[in-house]
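Student: These are the residues of each chain, in order.
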Amino acid sequence: MSGAAAGGFEPRLVGFLCSWCSYAGADKAGVAQMLYPPNVGIVRVMCSGRVDPQFVLAAFAQGADGVLILACHPGDCHYKEGNRRSLLRQALLLRLLEQFGIRRERCRFDFVSAGEAEPYVRIIAEMVDTLKGLGPLQPQGELHGAPHD
Amino acid sequence: MKTAVYFCTCGGNISGKIDPGRVERNVAALHAGARFQQVEFLCSEEGLALLAQDLKEQRVERVVVAACSPREHEGTFRRALAGAGINPYLLQMVNVREQVAWVTEDAGAAAAKATRLVDAALRRVALHEPLPQREIDICPDALVIGAGPAGLKAALSLAAAGRKVTLVEKSAVIGGLPVRFEELFPNLECGSCMLEPLLGEVLHGASAERIEVLTLAEVVGVAGSYGNFTVKIRQRPRFVDPRACIGCGECVGPCPVAAPNDFDCGLGERKAIAIAYPGALPSVPAIDAGRCLRLNGGECAACREACPVDGAISFEEAERLDERAVGAIVVAVGGGLLDCAELPNLGAGRVPDVISAAAFERLLAANGPTGGELRTAAGAVPRSVAIVHCVGSLERGARDYCSGICCQYAFKFNQLLGKRLPGVRRHHFYKEIAAAGKDGFVLARQAQDDPDSVFVRYREAAELNVSLESGALVVRTCTAGSDATATAVDMVVLCPAVVPGADARALGAVLDIGRDRHGFFEERHSRIDAVQSSVAGIFIAGACQAPMDVREAMNQGLAAAGQLLAGLVPGRKLEIDPATAAVDAQRCSGCAVCVGVCPYTAIALAPDGRTARVNDVLCLGCGTCAAACPTGAIRANHFTTGQILAEIAGLLA
Numbered sequence: 001m002s003g004a005a006a007g008g009f010e011p012r013l014v015g016f017l018c019s020w021c022s023y024a025g026a027d028k029a030g031v032a033q034m035l036y037p038p039n040v041g042i043v044r045v046m047c048s049g050r051v052d053p054q055f056v057l058a059a060f061a062q063g064a065d066g067v068l069i070l071a072c073h074p075g076d077c078h079y080k081e082g083n084r085r086s087l088l089r090q091a092l093l094l095r096l097l098e099q100f101g102i103r104r105e106r107c108r109f110d111f112v113s114a115g116e117a118e119p120y121v122r123i124i125a126e127m128v129d130t131l132k133g134l135g136p137l138q139p140q141g142e143l144h145g146a147p148h149d
Numbered sequence: 150m151k152t153a154v155y156f157c158t159c160g161g162n163i164s165g166k167i168d169p170g171r172v173e174r175n176v177a178a179l180h181a182g183a184r185f186q187q188v189e190f191l192c193s194e195e196g197l198a199l200l201a202q203d204l205k206e207q208r209v210e211r212v213v214v215a216a217c218s219p220r221e222h223e224g225t226f227r228r229a230l231a232g233a234g235i236n237p238y239l240l241q242m243v244n245v246r247e248q249v250a251w252v253t254e255d256a257g258a259a260a261a262k263a264t265r266l267v268d269a270a271l272r273r274v275a276l277h278e279p280l281p282q283r284e285i286d287i288c289p290d291a292l293v294i295g296a297g298p299a300g301l302k303a304a305l306s307l308a309a310a311g312r313k314v315t316l317v318e319k320s321a322v323i324g325g326l327p328v329r330f331e332e333l334f335p336n337l338e339c340g341s342c343m344l345e346p347l348l349g350e351v352l353h354g355a356s357a358e359r360i361e362v363l364t365l366a367e368v369v370g371v372a373g374s375y376g377n378f379t380v381k382i383r384q385r386p387r388f389v390d391p392r393a394c395i396g397c398g399e400c401v402g403p404c405p406v407a408a409p410n411d412f413d414c415g416l417g418e419r420k421a422i423a424i425a426y427p428g429a430l431p432s433v434p435a436i437d438a439g440r441c442l443r444l445n446g447g448e449c450a451a452c453r454e455a456c457p458v459d460g461a462i463s464f465e466e467a468e469r470l471d472e473r474a475v476g477a478i479v480v481a482v483g484g485g486l487l488d489c490a491e492l493p494n495l496g497a498g499r500v501p502d503v504i505s506a507a508a509f510e511r512l513l514a515a516n517g518p519t520g521g522e523l524r525t526a527a528g529a530v531p532r533s534v535a536i537v538h539c540v541g542s543l544e545r546g547a548r549d550y551c552s553g554i555c556c557q558y559a560f561k562f563n564q565l566l567g568k569r570l571p572g573v574r575r576h577h578f579y580k581e582i583a584a585a586g587k588d589g590f591v592l593a594r595q596a597q598d599d600p601d602s603v604f605v606r607y608r609e610a611a612e613l614n615v616s617l618e619s620g621a622l623v624v625r626t627c628t629a630g631s632d633a634t635a636t637a638v639d640m641v642v643l644c645p646a647v648v649p650g651a652d653a654r655a656l657g658a659v660l661d662i663g664r665d666r667h668g669f670f671e672e673r674h675s676r677i678d679a680v681q682s683s684v685a686g687i688f689i690a691g692a693c694q695a696p697m698d699v700r701e702a703m704n705q706g707l708a709a710a711g712q713l714l715a716g717l718v719p720g721r722k723l724e725i726d727p728a729t730a731a732v733d734a735q736r737c738s739g740c741a742v743c744v745g746v747c748p749y750t751a752i753a754l755a756p757d758g759r760t761a762r763v764n765d766v767l768c769l770g771c772g773t774c775a776a777a778c779p780t781g782a783i784r785a786n787h788f789t790t791g792q793i794l795a796e797i798a799g800l801l802a
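Line by line, the protein sequences are chains A and L.
If you use our numbering, the first sequence corresponds to residues 1 to 149, in order.
If you use our numbering, the second sequence corresponds to residues 150 to 802, in order.
For the record, the hints were derived by calculation from the structure and aren't laboratory data.
Beta carbons are placed, not taken as given, at the ideal position from N, Cα and C, and that holds for glycine.
Be aware that one or more of the hints could be misleading.
As the list claims (entries may be wrong) - Derived contacts from chain L toward chain A, CB cut-off under 8 Å, selection only:
#	residue
1	Q248
2	E254
3	L266
4	L523
5	R524
6	L769
7	E796
8	I797
Unchecked claim - Here are some, though not all, of the chain L residues that point toward chain A, as calculated from beta-carbon distances under 10 Å:
#	residue
9	E221
10	M242
11	K262
12	G370
13	H576
14	Y579
15	G663
16	R664
17	H674
18	G781
19	G799
Isolated chain L (complex conformation) (with noise of 0.2 Å):
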């Protein structure tokens, strides 16, 4: 086997310390048959050029680079191996520079450790082989989870550049969140005015017909991995023909059912069938099969005979499950927020006019069961209105992150309040105020200049206490250090903690990726890689991986687009870097130690439960499974046991 040892002088930052020529004559009486050239610069064009040279002339069949950090240059001598007709994994580099010449202060001593070094990497270079570079073919189409604003933004930006993306939202209309509230932070935009034509792009846009929207509908299972996924999608029944219906609403009010309205909160009622609010899209009404007395065994067909479309609404209506190869994976689900009944003490679902922050964005909503008009339970004009922030963020050694969006809204509160009722007060109660970026704090600074507005600090949710006394609303607080106060109000309004979605559990069970120590979807790097998920191939945006405000969600949106956009491209292959692990099947006794230990869900066992097998598209190459390996069955690819025992020696030696 010809091997040849590069020694780069690196213009002397190496050769001021270590003289070559020594180096040179140690390796000869350790390794006679190997080739030994100096070079001044090895990663200059002129290096390089010598390099290809000298691997073609010579036939050289392992390469040893004795230069610098192979951090800094070992892809660039690969790709120089791979440029002369050689496997670029037949390369080891010897860090000279940063090891040896730039750290050790005797000549002597340099020359020894390189020389150590150099026979080291030879001994490992004989037993490395040549790694195939694999390419699978891949779809470019994508499935993006959740028709909020992160996957909206996700789906319409693949949708232009050409991709086919399956959106699945699980309720009946898209637009998540946002659409509920009347006007947004920072600049008290109307929401729905910003959203609707981002929905009406999604669907009936110039590139609505890469769009599939599939509503009321859920993944419920998904098989394969990057480039290669296949998703199970379950559709509830709507009931109602999209294709049909003309969106009139003629169904709606001879339906007898009242429930309470979930859009709204619970606030005001809805029938069983419905559009979730005017303005909804897709503008077609849903039957709730839960409520219509029809589906649960009634004669009622109240609706369908209000409707002047024909066959329009079909109670035999089925549920489907559908199939959809796609490449890869946008989350986008979005979070959820805290059931303030969790804490009792302040009053939540138990004591009248005590409301979460969402409910009253739904009483502020001009197409809220209001009107928008603010009254309390017994029909009066609040005078003062309590607004308590930070409700189960914060909390020390449960929820203790700050969520972010609740001091920006709490203050929109502030100032439409304010407006519609002049003089009202309001008694803002807080733990920490955040409100970053370049025009968060407005809204707080306004609310700091307003006379008739209040700031009360607390620290724990413990320390407030939301009751009625002899029939008045009262917010008493006992903040150790501060004198307790008491605050009679005609109205709290709660700002509830963003945590994980219901779903989230679930849904991270079906794709197989990774959550936080608070439940929310985990990302592989939260500043240099915030929306690639744990597995590769699925991404995440918004609110179901931190709390996050919608412009956040937006742009988050859009970066898992253009990731999936720079790693799936048509007409061009993946490239599996083959550094993984592999499984030697003859010795693997099935135990799964490895597969409890990948951190990348790369490992899994065989159908028959027998043998461990490594998805190379999904491992990523750390080694973790080798080493724990109880029976030595892994073998990591280009780090093996036996190449690391070489090298070992050769230090040793």
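Here chain A stands alone, though its shape is the one from the complex (with noise of 0.2 Å):
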């Protein structure tokens, strides 16, 4: 990644979000003109239920450090409940991603409304921050007793 600090890790982070919230919420970080780390990469969803876990392998696989999913706080989803099967799907997958040797921390599922631009853009930079300090993701798993393949 080019603009990185020179010689320090920058992580790559991958965030899958909400159109009618969570992308709401990072638009209104962007109107607000907060700062924050450069690292993220955002795919536009109409809804968190659309993040197919397939997306999230995918974004590790290629070289993600991290991933993100931001979904309408519960009661919020415009497509009446989305997110809470978004949700339920995460507890899943990380089970998944432990099981391919990622670590959880690497993986984060949070509730970003269209007015909460300080949240998300605290999201952001607590998860560069945790990113930093894991390092970067080693294709050989970085778990004990993870597969090996």
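Take the two lone chains, each set in its own frame, and fit them into one complex as the hints suggest.
Tutor: Printed below as a string of structure tokens:
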């Protein structure tokens, strides 16, 4: 990644944001011109319920050090309960990631509303810090007892 | 494939942080064939004209616009593509303003991030497919279920706009609950005086020829979807022909049957043939098939013999099953009132002179069972009346909502009792007082200022006990933190919670619309879309959606009519957003996981049960089904797995 601080590890982060709440929250951070690390690339989906676990696996397989899934707050989903479905999937996804040797801290699910510019920026900053602490995702896995394939 | 990137500088908002030339060079190295154009304000009139010209001249087939948020201008640029003869879905926007220029400190990092985002968009847009805008013919006519305030207002508004309306009412008369109430809060207006002009308008007004009123009828089946529903309606026999009957009522007197009068909440008696109440519309009696001797094997024909019109009464009339084609449905079946016997400590049905508010309304009514005379079961004039608010409402852990209407009618009772029985003591037992609105608190204030009105607060129904103690009616309270009280009264009026109607579950199943945790029909959004049900083309109005008063119900009826008129316009086709889900039948195993996750009942198994099908009229394109499908048989148009994976690959390249 260019533009990174010289010599330091700059993690690569992919964020899946629902169009109605979280993506709007990110837009609000933009309008408020709140600075945050440039490490995140955002994929807009209409609903967090669209986030297929294979998208997350593909991101890790192609070099992401972390993945974010941001959804509407409980009860606020534009599609009634897509966020709940996404959250239910997240629990399974984390177990799957551990089986691949990927720490659960690398995949964060959170709620960001259309007005929550500050929480959005905080989540990005926290996630980048976490990933810097963990270091680059090693292709062979980072957990003991993880399958090596 | 000719692809072009239009990079908006946004008058320096974007180019002040991101050097477009640098992005152009980076992108050129990654996508050699892509055209790259800088424009100062792409959304301006000049910018859009330039875009249109360039799209045509360069014969562009795929478009990336790097500018502001797609939430702001995706529609603008889609229209620009359509204007240039390009399918609007062959566009991908890159949000370089809100996600890069405005939030990134370092210019080098900003250019690098913008490059990644444009690269991802170019990879994605290469996989975009033209999605045809589908249009379907629609039927502009409407079905309204329920002829109470909300349904009447909806039917009249629709008919006034020239639409044909089928108004289905379960009972024998129209008007709903408020026709039972002689005086309505907040200004003690007479309920039937207020409603009768409306009822007359429905039956005989300027638009009446467009309203088909089916009484004693219910909807038993619905097929199709928004724009084209077919509804099955079952109509029970009235046994009196409305076209022949002159409404004289001669048939009622000779009927030998006496039964509790359900219109009067079981107080007083009615005959097996009856007009629900004096002045009821339509002014045609109906025979209660469950009570009529003749219809239960007897020989009686007293009513028919008394009828001055030949052929008006027919014991042979049979049930009818009809079908109607409509484009949309307004559900306005109203709510119900909690059966107070569910709270046995309050004495309803067990202790004499403990009655529900609805029955009390009938006791107060001049056309009620006592002609408006208030008497106890023993025939005495009550000197002291307890009015228990919040019965079953605001119950923690169960029915935790405020029913919203009870305070105002309870204070109406306070006022009416004081006027009719000067000096009568009124004891209000309440949890909370809720009487909002510009004229909502008038009656409450009058009660509070009345020296004969007493207020006692309680928290849960379990803290109250109503019983006979040595022949006297006593209300006891034992609220934690307050002294226990015992109040001797002559009569107890219980104000029950507004609950979903008894048929809400069955009707919800027939229409396949969602219900909330209390059982009311669920709205799409509680503030901005409160009359839209979970299914497109089915609207919900009045107390079937939430507890509400007559004014709110009327407004919701009007709102539902407005939405219907805006959505279904004669001569105009219904446009279907093509960004919906679609099933590949070859890959579908018929597991029906998608059917369960769809929030809009847009997916169903085909009749053979082997594959799922998406109704694109109902689908709103959330994509949850595509993520849940275990075989990858569902594609979310414009958010396909391939498109999203290409975008991910670009972000990480």
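Student: A closest beta-carbon separation below 10 Å is what the hint needs, so does H576 (chain L) meet it against chain A?
Tutor: violated (39 Å)
Student: Against chain A, run the beta carbon of L523 (chain L) and see if the smallest gap drops under 8 Å.
Tutor: For L523 (chain L), the interface hint is violated, since the closest Cβ of chain A sits about 46 Å away, which is over 8 Å.
Student: Hint validation: R524 (chain L) versus chain A, beta carbon distance must be below 8 Å. Holds or violated?
Tutor: This interface hint is violated because 50 Å lies over the 8 Å limit.
Student: Let's test the interface hint: is any C-beta of chain A closer than 10 Å to that of E221 (chain L)?
Tutor: holds (8 Å)
Student: A closest beta-carbon separation below 10 Å is what the hint needs, so does G370 (chain L) meet it against chain A?
Tutor: Cβ of G370 (chain L) sits 25 Å from chain A, so the hint is violated.
Student: Tell me if the interface restraint on R664 (chain L) is satisfied: Cβ within less than 10 Å of some Cβ in chain A.
Tutor: Where the cut-off is 10 Å and the nearest Cβ of chain A is about 13 Å from R664 (chain L), the hint is violated.
Student: With 8 Å as the cut and Cβ atoms as the points, is E254 (chain L) at the interface with chain A?
Tutor: Constraint on E254 (chain L) satisfied, holds at 5 Å.
Student: Tell me if the interface restraint on G781 (chain L) is satisfied: Cβ within less than 10 Å of some Cβ in chain A.
Tutor: holds (9 Å)
Student: Would the hint on Y579 (chain L) stand, with a C-beta cut-off of 10 Å toward chain A?
Tutor: violated (29 Å)
Student: Next item in the hint list is I797 (chain L). Is there a CB on chain A closer than 8 Å to its CB?
Tutor: Hint on I797 (chain L): holds, closest Cβ of chain A at ~5 Å, below 8 Å.
Student: Can you verify the interface hint for E796 (chain L): is its Cβ closer than 8 Å to any Cβ in chain A?
Tutor: holds (5 Å)
Student: With a cut-off of 10 Å, does the beta carbon of K262 (chain L) approach a beta carbon of chain A closely enough for the hint to hold?
Tutor: holds (5 Å)
When each numbered hint is compared with the structure, violations occur for hints 4, 5, 12, 13, 14 and 16.
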